[in-house]
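Asker: The primary structure of each chain is shown beneath.
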Amino acid sequence: MALQSLDIAKRSATTTEPPQARKTLEVAKLIDVSKCIGCKACQVACMQWNDLRDEVGTCAGTYDNPRDMTDQSWTVMRYAEVETDRGLEWLIRKDGCMHCEDPGCLKACPAPGAIIKYTNGIVDFHQENCIGCGYCIAGCPFNVPRISKKDSKAYKCTLCSDRVAVGLEPACVKVCPTGCISFGSKADMQDLAEERVTELKERGFTNAGLYDPAGVGGTHVMYVLNHADQPTLYSGLPANPTIAPTVTLWKSIAKPLAMAGIAAAALGGLFHYVMKGPNEVSKEVEAEVEKELEAEK
Amino acid sequence: MQLSRRQFFKVAAGGLTGSSLVAMGFSPTAALAEVRSFKLARSTETRNTCPYCSVGCGIIMYSLGDRAKNAHAEIIHIEGDPDHPVNRGTLCPKGAGLLDFVHSKNRLRYPEVREPGSKEWKRVGWDEAFDRIAKLMKEDRDANFVAKNADGTTVNRWLTTGFLAASASSNEAGYITHKVVRNLGMLAFDNQARV
Chain A
27 MALQSLDIAK RSATTTEPPQ ARKTLEVAKL IDVSKCIGCK ACQVACMQWN DLRDEVGTCA
87 GTYDNPRDMT DQSWTVMRYA EVETDRGLEW LIRKDGCMHC EDPGCLKACP APGAIIKYTN
147 GIVDFHQENC IGCGYCIAGC PFNVPRISKK DSKAYKCTLC SDRVAVGLEP ACVKVCPTGC
207 ISFGSKADMQ DLAEERVTEL KERGFTNAGL YDPAGVGGTH VMYVLNHADQ PTLYSGLPAN
267 PTIAPTVTLW KSIAKPLAMA GIAAAALGGL FHYVMKGPNE VSKEVEAEVE KELEAEK
Chain B
39 MQLSRRQFFK VAAGGLTGSS LVAMGFSPTA ALAEVRSFKL ARSTETRNTC PYCSVGCGII
99 MYSLGDRAKN AHAEIIHIEG DPDHPVNRGT LCPKGAGLLD FVHSKNRLRY PEVREPGSKE
159 WKRVGWDEAF DRIAKLMKED RDANFVAKNA DGTTVNRWLT TGFLAASASS NEAGYITHKV
219 VRNLGMLAFD NQARV
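Chains as they are written, first to last, in the working numbering: chain A, 27 to 323; chain B, 39 to 233.
Here chain B stands alone, though its shape is the one from the complex (with noise of 0.2 Å):
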């Protein structure tokens, strides 16, 4: 293509006012606009119960990561598990909130123990605490099992311990749970079955 001078003037000044005219903004815009990115689309599902009350509502737990080795999961997301015949998928405002009940920077994290007379709580290990209490159950059912009554009919009690078991047990929990306490002898037992 053969330009003379003029015309190439020409063309440079059109192509500068066309260009100056879309940067001040005479263009016309396209009509696009795009939602907010769905935010679990590959996140990690996982079942789980609510801890709250004894409803037992069934929660899907969304974490981050797809569960690879190098993969840190952290949750970001909690809602209700629409399969879940007692709920199915709604959840009460505590429900609704657990996930800044999980991020809690007050949550009990690992097992604690405050020794007679002292104000702290001291953290120990799971090992350490599970031998402790079995330990502190052996010597109380030892010194306080009442194998007869006065009139020597055999009554098994254990009336120095008591046993509280979570709310969210399921049936198959709960049996069990009270298998093991009864076995015991232990009389007080109870659930936290409410809020």
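Looking at chain A on its own, in the form it has when it is part of the complex (with noise of 0.2 Å):
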């Protein structure tokens, strides 16, 4: 395949198939919250890798440095102090692109190749086909884009698509210095999340579980939370993220009937065309007319 490093699963705006014949590995980023020191080395990497560099902030009162993610950022980590069963707990997670297997940012993007899905799982943006319309950011059940207020384009975690493409591990992955950030094959991450799991709930942690949702398909970040049953406790990770009705009823159900009614529109006229064609006047009743015209003078 000419011009391309991976292969695509899915283009924005673009009606063309991909090839499919063959098959790649699926790859997934496994973030396990409970070994996560909150050391913000991810962050630092993935803005050197992506050559980034974001204002220096201001302290808000809590150690989010910066507060949100941006078009310079695209990973903060966010950490949350929360009262649960065993007391006082510091809950710090590493927000970022998701990237699904349903995205919701690539089913509303109405811009040729702005948005692009690999057959590994990676949705990457294409800047320079991006019109900057935000409404990949509608689209996001994990409200990750970020427009850039430089160029008005949508930026967001690549998962490191050049770096996967020449068989390396995400920057972010590879800083990590406590392991709490693994790459690998989908399914290597989902046993190696199942291992986590086992041991969090032997040291107590009766509802550490994957999340993995199913609502976008399952997700290629993936996270090994210690309360798996109340996810939005880390900063408002959604409980059940699904791509947003407005988003679905437009793309999935507006959409094509208006492609519909515009098809059956212009089938219609070249029907009523080689029907009854065009409405011409004959020569008779032309000169009837004018006859008429006449007599009145």
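Since the hints were made in silico from the structure, they are not lab data.
In this text, all values refer to a predicted model and were calculated from it rather than measured experimentally.
Heads up, the beta-carbon is just placed ideally off N, CA and C, and yes, glycines get one too.
There's no promise every hint is true.
Derived BS3-like pairs (lysine-lysine); straight-line CA-CA distance at most 25 Å [claimed, not checked]:
no. : chain 1 : residue 1 : chain 2 : residue 2
1   : B       : Lys132    : A       : Lys66
2   : B       : Lys77     : B       : Lys132
3   : A       : Lys66     : B       : Lys143
4   : A       : Lys61     : B       : Lys132
5   : B       : Lys217    : A       : Lys66
6   : A       : Lys179    : B       : Lys77
7   : A       : Lys61     : A       : Lys227
8   : B       : Lys217    : B       : Lys176
9   : A       : Lys277    : A       : Lys179
10  : A       : Lys323    : A       : Lys309
11  : A       : Lys176    : B       : Lys77
Covered stretches of chain A, going by a simulated chain B footprint (3 or more residues, C-beta under 8 Å) [said to hold, decoys possible]:
no. : stretch
12  : 32-38
13  : 99-109
Calculated Cβ distances over 10 Å to all of chain B for the following chain A residues [claimed, not checked]:
no. : residue
14  : Pro44
15  : Arg79
16  : Asp90
17  : Ile173
18  : Ala197
19  : Glu220
20  : Glu221
21  : Gly230
22  : Gly244
23  : Asp255
24  : Val315
25  : Lys317
Hints given; two lone chains; assemble the complex.
Answerer: This is how it looks when you write it as structure tokens:
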């Protein structure tokens, strides 16, 4: 295949089917929040690899820095202090793109080729095709994409598609000093998560589990949560993320209906032209009318 | 091929209509996309040790060019060395941000001296710095070296000068530093073993 190093599964606003004969490895990143110490090495490594530098922020009373994801900060550590049955717990979550199997951003995107889903599961933004409409933000169940003020284009984590394409792990995975972030095939990551969940359950976290939400077809960034029954404890991680009904209604129902309407109108016009032809006045009628007009004079 | 005047107009009109439709965006686009090119493909890799704390993580510095005579190297990326037994590719946030440390405007790049009584730092050459340090150390040692204590026991102490070594020393570098410092009789000796 020419011009690409990863096979494409879906391309925004494109109706032609990508080649599908080959089967590539489905990859995933596993974030075990129970091992995270909140050091932010992943944030720094992300900026280094992707040539991003965010502005120096201000303290808002928490360790969250920057306070939210931006076009320059594609991943942000979110720190939540919550009271659970185990007492006060400090739950730290690395927030960023989840690389959904059924990406809402891609579904909502009207710009051909601005959002790509590769067959290995990575969802990537191609800024050269982005028109800056922001529909990807409306389509995202995790509120991840951010529009840059410099070029009005949307940016988010690429799962280091440039590294994965040459057989490397993402920058955040490589740097993580506690081994909280792992990368590999999705099946391996699910196995690893299962082992870890068993360990956590033995240690008293009875509700520990894997976060791989079915509402978006599963994700290629998964969490091991020690309170998997309450994902919202982790700075508002949605419990049942789904693509917004407005996006589904618009893209799956309204758009095909409108397209059918346009096609029907065009086809109807053609049939009318063929069957009835142009609305012409015959010579006889014209002569009659002229006669009448002269008679009136 | 023979084309009549009428056929020629038909072909021309058909071509114009087709190309206009394509130009107006009615052509289906191919499902193509390419990831950002791998930026380290042919860069030079240099092994080093992170300069911050005494953990001494292994790093790989990626620099522009292939060491050709006319190519001027510049470090473009730094990440952990996966073959290093200490960190196996991982780094802390400080180590992960080394690239900006290397290129920082505030980085000390040459020896400087602040003369007694002066407020200003003055740039000096490496030879000058080494000569000056050696001369001052010798003067101080000659003046303050204690060969024997009050009881007449040989002690060979030099108490008026101390030595602070770097944090990320290997065992071998640490051994040599220790030998040099203790051979001079110096007692106040530490290394910056913490962040």
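Asker: If any of the earlier hints don't hold here, list their numbers in rising order.
Answerer: 5, 13, 14, 15, 18
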